[in-house]
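Chemist: This is what each chain is made of:
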Amino acid sequence: MSVPDIKTESREDVTPKSLGLSDADVLDMYYYLRLARAVDDRMWALQRSGQAAFVISGQGHEGAQVGTVYALNREKDWLVPFYRSVAAVLTKGMPAAEIFLIQLGKAPDPSSGGRQMPGHYGHRHYKILSTSSPVATQVLHAAGIAYAAKVRQTGEIALTELGEGSTSEGDFAEALNFAAIHRLGVIFVVENNGYAISVPLRKQMAVPNVAMRAAGFGMPGVTVDGSHVLHAYAAARDAAARARRGEGPTLLEVMVPRLTAHSSDDRQEKYRTPDDIAHDRARDPVHMFTEELRGWGILTEAREKEILSRIQHEIDIGTEIAEEAALPDPATATRYVYAEPPEPGFRP
Amino acid sequence: MSVPDIKTESREDVTPKSLGLSDADVLDMYYYLRLARAVDDRMWALQRSGQAAFVISGQGHEGAQVGTVYALNREKDWLVPFYRSVAAVLTKGMPAAEIFLIQLGKAPDPSSGGRQMPGHYGHRHYKILSTSSPVATQVLHAAGIAYAAKVRQTGEIALTELGEGSTSEGDFAEALNFAAIHRLGVIFVVENNGYAISVPLRKQMAVPNVAMRAAGFGMPGVTVDGSHVLHAYAAARDAAARARRGEGPTLLEVMVPRLTAHSSDDRQEKYRTPDDIAHDRARDPVHMFTEELRGWGILTEAREKEILSRIQHEIDIGTEIAEEAALPDPATATRYVYAEPPEPGFRP
Amino acid sequence: MADKRYLDAIHDALHEEMARDGRIVVLGEDVGRKGGVFGVTEGLYEAYGEARVLDTPLAESCIIGVALGMAVNGLIPVPEIQFADFIHPAFDQILSEVARLRYRSNNDYACPMAIRVPYGGGVHGALYHSQSIEAFYAHVPGLKIVAPATPDDAKGLLKAAIRDPDPVMYLEHKKLYRSVRGDVRDGDHVVPIGPAAVRRPGRDLSIFAYGLMLHEALAAAETLAKEGVEAEVVDVRTIKPLDVTTILASVERTNRALIVHEDNRFGGFGAEIAATIAEEGFGFLDAPPTRLCGPDVPGVPFSTPLENWFMLDAEKIAAAARNVVAY
Amino acid sequence: MADKRYLDAIHDALHEEMARDGRIVVLGEDVGRKGGVFGVTEGLYEAYGEARVLDTPLAESCIIGVALGMAVNGLIPVPEIQFADFIHPAFDQILSEVARLRYRSNNDYACPMAIRVPYGGGVHGALYHSQSIEAFYAHVPGLKIVAPATPDDAKGLLKAAIRDPDPVMYLEHKKLYRSVRGDVRDGDHVVPIGPAAVRRPGRDLSIFAYGLMLHEALAAAETLAKEGVEAEVVDVRTIKPLDVTTILASVERTNRALIVHEDNRFGGFGAEIAATIAEEGFGFLDAPPTRLCGPDVPGVPFSTPLENWFMLDAEKIAAAARNVVAY
Ligand SMILES: Cc1ncc(C[n+]2csc(CCOP(=O)(O)OP(=O)(O)O)c2C)c(N)n1
Ligand SMILES: Cc1ncc(C[n+]2csc(CCOP(=O)(O)OP(=O)(O)O)c2C)c(N)n1
Ligand SMILES: [Mg+2]
Ligand SMILES: [Mg+2]
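Protein chains in written order, with the numbering used here: chain A, 1 to 348; chain B, 1 to 348; chain C, 1 to 327; chain D, 1 to 327.
Think of the hints as simulated: they come from the structure by calculation, not from any bench. All values reported here derive from a predicted model rather than from experimental measurement. Where is the CB? At the ideal position from N, CA and C, for every residue including glycine. Heads up, a few of these hints could be off.
In silico SDA-like cross-links for lysine to any residue, where the CA-CA straight-line distance does not exceed 25 Å [unchecked claim]: (1) B:Lys305 <-> B:Ala38; (2) A:Lys203 <-> B:Lys76; (3) B:Lys305 <-> B:Leu21; (4) B:Lys150 <-> D:Ala110; (5) A:Lys270 <-> D:Ala47; (6) D:Lys159 <-> D:His189; (7) A:Lys17 <-> A:Leu27; (8) B:Lys203 <-> A:Asp23; (9) B:Lys203 <-> A:Leu27; (10) B:Lys203 <-> C:Glu50; (11) A:Lys76 <-> A:Asp23; (12) B:Lys270 <-> C:Tyr45; (13) B:Lys150 <-> D:Pro112; (14) B:Lys76 <-> D:Gly74; (15) C:Lys226 <-> C:Lys316; (16) A:Lys203 <-> D:Ala51; (17) B:Lys203 <-> C:Arg23; (18) C:Lys4 <-> C:Lys226.
Across the chosen pairs, the derived CB separations fall in these ranges [said to hold, decoys possible]: (19) C:Ala51 <-> A:Asn73: 21 to 31 Å; (20) D:Asp3 <-> A:Arg202: 36 to 46 Å; (21) A:Glu340 <-> C:Gly22: 24 to 34 Å.
Full structure from sequences and hints, please.
Modeler: As structure tokens, then:
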């Protein structure tokens with residue numbers, strides 16, 4: 001069988017300098033990484049306290065999401081997320097307070113006004129497409145967005161995220177094929193955490209890496225260790241440059257740990273060994289990026305404290321805003337099935 | 001981009017002897033090849049004379065179909081065909097007369113009793129699955145059949161056929177993935193004639209060969225010139241052996257010409273250049289196999305005459321049987337929506 | 001006013017709309033150089049180029065899924081599904097994504113799109129080239145559905161569908177393409193989505209139909225008229241939203257209702273019309289609201305005697321109407 | 001007789017059937033070691049092994065498509081679709097392939113298969129984890145559909161579905177899994193597909209419901225009884241084929257019909273029941289056959305006040321019943 005071109009940078013040769021990133025840049029990434037983890041921890045706290053009905057977490061995926069989204073033009077480009085995209089949407093500009101409004105299903109929830117479950121992010125202002133639950137449907141949407149960008153010559157590119165299990169859906173293959181045919185500016189980010197809920201990788205596919213799919217559709221496939229923020233950044237930056245040159249899409253697979261159960265409804269001890277779970281813990285991107293930044297002398301204790309207290313403040317304010325916000329009014333539940341005003345006299 | 005392992009035998013080294021085939025074997029293949037072409041020509045004649053409403057033709061695909069199906073255990077293994085599978089179903093054992101009964105939609109049509117359009121072959125006795133019109137759905141059926149064969153340890157394998165355009169459907173990717181995961185005994189035969197009705201290959205995919213998809217799903221991908229009956233046979237025989245050894249599926253792409261319009265409803269001059277059409281004519285498998293067999297001294301004039309007169313007889317008898325057969329009785333149109341007897345008193 | 005075929009009216013609407021608005025993109029299987037398997041998109045590829053007249057890979061979920069992305073990013077996609085029978089792989093994209101985008105995002109996103117779907121039987125298409133699909137999509141909030149029967153409506157409703165701010169499924173009956181001609185108003189006329197049309201006034205019963213069946217119903221009304229039965233024939237035209245006002249007003253006049261569709265009966269769209277009349281027009285009714293629909297078998301069978309058995313025609317409609325009037 | 005939860009009754013039926021017949025294979029997402037996201041297939045993997053309890057890739061079209069192949073080649077597949085909301089990618093395989101195989105092959109092939117589909121709202125599942133899908137499949141000839149409301153039916157109808165020679169869609173309501181207990185007959189009891197059940201006799205009106213709504217309807221009947229209104233409550237149980245005989249007999253007794261379902265109204269399954277009563281029970285009716293259904297919005301919204309607004313309950317049913325009786 002043929003060997004795909006899997007590009008995995010070894011840790012040493014990737015540094016802020018080698019990537020031309022300033023200390024401010026990497027500390028900004030670090031801020032988003034820690035912010036995402038703090039928001040996520042609070043989401044679980046809200047669930048345990050009974051305020052939130054459900055949590056679907058991004059813990060373990062944050063490094064890859066911060067790194068890849070940071071490589072975009074965050075004002076101009078599109079993000080087509082999935083339910084684990086906490087770090088991605090924060091990095092794209094969504095404030096922590098909005099995540100909590102979504103988490104509690106309050107009226108000001110900017111993604112759905114309390115209509116969708118937690119984890120269904122979307123926000124036109126930040127060019128984040130509205131998320132649904134059926135997996136992999138969004139991959140085609142990203143291709144369509146990129147097609148429109150090409151026809152309208154807007155220079156926008158689209159980055160979409162999904163899990164490795166979701167690549168089993170036909171929509172994934174159809175999207176890769178369409179994007180490759182038209183050389184569209186799409187980055188397909190597959191966050192491979194080894195499980196589709198309880199189903200391990202070997203029962204999902206007969207290949208070790210999803211990136212191996214890329215060649216068969218006519219695009220490069222790259223696999224990087226998603227626990228290394230800068231590895232994810234470097235690979236996404238290359239993919240974005242390729243997209244802007246009009247050379248087409250890239251399938252970027254980021255290997256990530258799943259640090260929580262699938263969701264608050266799942267008990268992963270049922271299907272994962274303690275060793276397996278422990279092995280994932282050791283790959284925590286927060287821990288790894290902290291170590292790296294300290295090693296490079298970029299993250300001092302003072303800076304870390306400053307960043308964490310800033311985050312703490314945002315989390316507390318955000319939670320407070322969300323808790324105090326009103327629940328949606330049932331009188332609004334029939335709105336926006338169609339553009340308003342609706343035609344009177346017709347059914348439904 | 002990675003290079004898939006495309007195995008294309010060069011003409012010289014493939015001979016009946018190199019494949020261990022007797023003269024009787026290859027003449028039997030030749031018989032099916034010529035039979036398929038003769039049946040197909042008659043199908044068009046019936047359409048021109050107004051007796052058949054519609055024709056969808058296998059002309060150009062016959063060599064690849066005879067070669068691949070001949071590599072099966074034709075009593076034991078399964079064929080999951082598509083609408084161009086005239087040669088395949090004949091080689092699997094369906095008599096010419098039955099094809100004409102199908103073509104004319106007569107009551108004794110063994111595939112559907114006149115319920116389906118021409119070209120929708122199926123016959124449990126010959127282990128040919130019933131064909132529908134939506135493309136690529138059958139690829140999953142073949143995988144399921146092979147899964148049952150594995151669980152029940154019947155030793156059967158399944159060969160399924162589809163066009164290259166149909167590989168764009170999500171079901172194709174889902175089937176490859178499932179078959180690879182379970183190492184199922186399936187041969188996925190993609191008959192690549194360069195067009196999906198009017199859509200040329202470059203608008204269907206960004207890769208030169210469908211076989212390049214295989215590696216990404218964890219199976220070998222092979223491309224052969226389908227106009228060479230014995231090349232198709234050799235590749236299918238390898239795939240069948242691999243399947244019987246329990247090593248899993250093979251994606252076998254056969255490059256074939258499309259010698260007619262897509263169907264009797266199409267005018268291909270609208271989207272194909274005369275050169276393109278002429279180039280396909282030169283790849284006619286009937287012509288090529290005739291030349292090869294003559295070159296090997298296997299096909300004498302006498303033998304060819306004998307074969308052709310035998311075929312002529314089958315075609316004439318078959319047409320006569322079909323023409324004389326009754327049309328379906330509308331009183332039977334409500335039968336077999338469900339197993340009979342249906343429960344009375346319920347709706348519908 | 002010009003006399004045109006149903007097919008040409010659809011073609012003209014596409015051509016005029018694409019000329020009017022550069023955001024409109026036609027995409028589907030064989031819509032390019034071939035001009036579609038029925039010739040509806042003939043000449044568009046030459047006129048507007050391959051970026052705006054796009055031959056897609058053979059994948060319906062892809063066609064609708066990328067169309068959503070195009071709509072979100074400033075284009076107005078007009079996807080063509082080659083045959084209604086092949087729209088099913090796109091069911092999830094239409095139901096879960098296209099129809100729900102505005103509602104689920106609380107109006108942050110919209111999905112303007114006109115999905116053209118050739119449908120219907122009587123064309124020797126058998127089980128997989130004859131299907132009617134309105135029943136599946138009528139149940140999907142967020143969608144609009146139109147089913148024109150005349151060339152003038154075919155043109156005017158397609159323009160309305162393309163200009164609508166929400167996704168509209170446009171059902172064009174294959175058998176009408178070349179068999180029906182009629183006057184098409186000149187200029188940029190738009191037929192609003194919603195209102196039904198009383199095609200023939202009558203006093204003895206109301207026949208509700210759309211698409212091919214509208215023409216069979218009108219023919220049946222001619223026959224009935226010779227027998228002294230005056231049938232009012234209502235062209236439903238828009239499946240969703242349904243013009244309940246016009247439907248009930250007609251039943252109030254005639255006190256009898258016959259609902260006709262080509263699609264099979266059980267769980268079909270006729271049930272919605274009949275149930276609505278029964279519930280909201282109960283006081284008007286002198287006879288049971290009656291459905292005449294295709295038989296409940298899995299598709300239109302191929303062979304001519306079987307297809308004739310399946311398809312409704314003026315004679316079968318007239319017979320059913322006589323029973324309703326005789327009740 | 002044993003007192004069991006709805007969920008356990010389904011589990012027991014699977015366990016007993018797999019023990020009885022080695023041809024039965026359960027396949028779906030997370031049905032293996034995890035025992036399904038709701039725990040319905042708990043223990044089957046350990047008891048019957050991974051060849052017969054198959055964790056599939058995340059692909060619904062694949063699940064149904066391979067199941068067809070398994071059925072054709074001697075197995076009896078029992079696919080699980082994790083949530084009804086996610087069955088849509090398999091729509092084509094179910095409608096075009098599974099439901100049509102016997103008819104299109106003129107009885108040469110059959111497709112025995114029981115498709116388990118957890119569905120329904122009231123579980124804070126929002127737009128994509130609350131859907132009802134019976135309306136889409138009731139319109140598909142070749143399928144059978146059951147929707148049990150009680151543990152005894154849940155077990156008996158699943159056994160019937162697995163033993164049926166044709167494909168059966170088995171709709172299990174998620175909210176009933178742990179909220180409803182009841183007596184389940186011991187031994188190998190099978191509840192036939194088809195017959196509806198009169199759960200409570202009454203004289204003043206007939207309420208037709210299934211799934212979760214059956215329980216709300218029974219509670220409403222209690223309330224109404226206190227007011228002197230005797231509602232007859234009919235558990236439809238089988239959506240397809242529909243027990244028209246029992247439905248009409250009930251309306252003949254009560255002369256009033258209220259059809260209740262959780263799913264949104266327009267084009268919903270209630271229309272088929274209402275239209276049938278209106279057409280075939282016209283003479284029995286003293287009031288319009290009335291539908292009480294979910295609102296026509298794209299799915300059940302998440303936030304508690306919105307979900308409560310969407311979901312029907314005993315109170316809303318009682319209120320609608322009063323109007324029907326007062327007509
Ligand atoms: C079409 C569809 N089928 C099933 C589900 C239920 N479901 C939600 S997440 C999930 C597993 C996804 O796994 P993966 O893609 O690897 O993403 P991960 O959760 O591991 O990040 C499943 C089966 C769904 N949301 N959509
Ligand atoms: C799902 C579906 N969509 C569309 C069609 C209409 N259609 C029939 S054949 C065909 C082209 C198939 O091309 P290919 O797979 O290359 O096979 P070929 O006809 O070239 O042998 C199309 C679009 C169909 N049958 N099924
Ligand atoms: Mg995963
Ligand atoms: Mg082709």
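Chemist: Evaluate each hint against the coordinates.
Modeler: Comparing the hints with the structure gives:
Restraint check for B:Lys305 and B:Ala38: the C-alpha separation of about 14 Å stays at or below 25 Å, so the hint holds. Proposed proximity of A:Lys203 and B:Lys76 is contradicted: the alpha carbons are some 29 Å apart, above 25 Å. Of the supplied pair hints, the one linking B:Lys305 and B:Leu21 holds, its CA atoms being roughly 22 Å apart against a limit of 25 Å. Proximity of B:Lys150 to D:Ala110 is assessed by CA-CA distance (about 20 Å); at most 25 Å being required, the pair is judged to hold.
Proximity of A:Lys270 to D:Ala47 is assessed by CA-CA distance (about 16 Å); at most 25 Å being required, the pair is judged to hold. For the hint linking D:Lys159 to D:His189, the alpha-carbon distance of about 8 Å falls within 25 Å, and the restraint holds. Only pairs whose Cα atoms come within 25 Å are accepted, and A:Lys17 paired with A:Leu27 is accepted, the gap being roughly 13 Å. Restraint check for B:Lys203 and A:Asp23: the C-alpha separation of about 46 Å exceeds 25 Å, so the hint is violated.
For the hint linking B:Lys203 to A:Leu27, the alpha-carbon distance of about 45 Å lies beyond 25 Å, and the restraint is violated. Simply put, B:Lys203 and C:Glu50 have alpha-carbon atoms about 11 Å apart, close enough for the 25 Å limit, and the pair holds. About 24 Å separates the Cα atoms of A:Lys76 and A:Asp23, which keeps this hinted pair within 25 Å; it holds. A distance of roughly 13 Å separates the Cα atoms of B:Lys270 and C:Tyr45; the hinted pair therefore holds under the 25 Å criterion.
Restraint check for B:Lys150 and D:Pro112: the C-alpha separation of about 19 Å stays at or below 25 Å, so the hint holds. For the hint pairing B:Lys76 with D:Gly74, the CA-to-CA distance comes to about 14 Å; that is within 25 Å, so the pair holds. For a cut-off of 25 Å, the pair hint linking C:Lys226 to C:Lys316 stands: about 16 Å separates their Cα positions. Distance check on the hinted pair: A:Lys203 and D:Ala51 sit about 12 Å apart at the alpha-carbon level, within 25 Å; holds.
The suggested pairing of B:Lys203 with C:Arg23 holds, with an alpha-carbon distance near 22 Å, which does not exceed 25 Å. Between the alpha carbons of C:Lys4 and C:Lys226 the distance comes to roughly 30 Å, so the proposed pair goes past 25 Å and is violated. Our hint of 21 to 31 Å for C:Ala51 and A:Asn73 holds, since their Cβ atoms are close to 23 Å apart. Separated by about 41 Å at the C-beta atoms, D:Asp3 and A:Arg202 satisfy the suggested range of 36 to 46 Å.
Restraint check, A:Glu340 to C:Gly22: a C-beta distance of roughly 27 Å satisfies the suggested window 24 to 34 Å.
Violation of the numbered hints given earlier is confined to hints 2, 8, 9 and 18; the remaining hints are satisfied by the structure.
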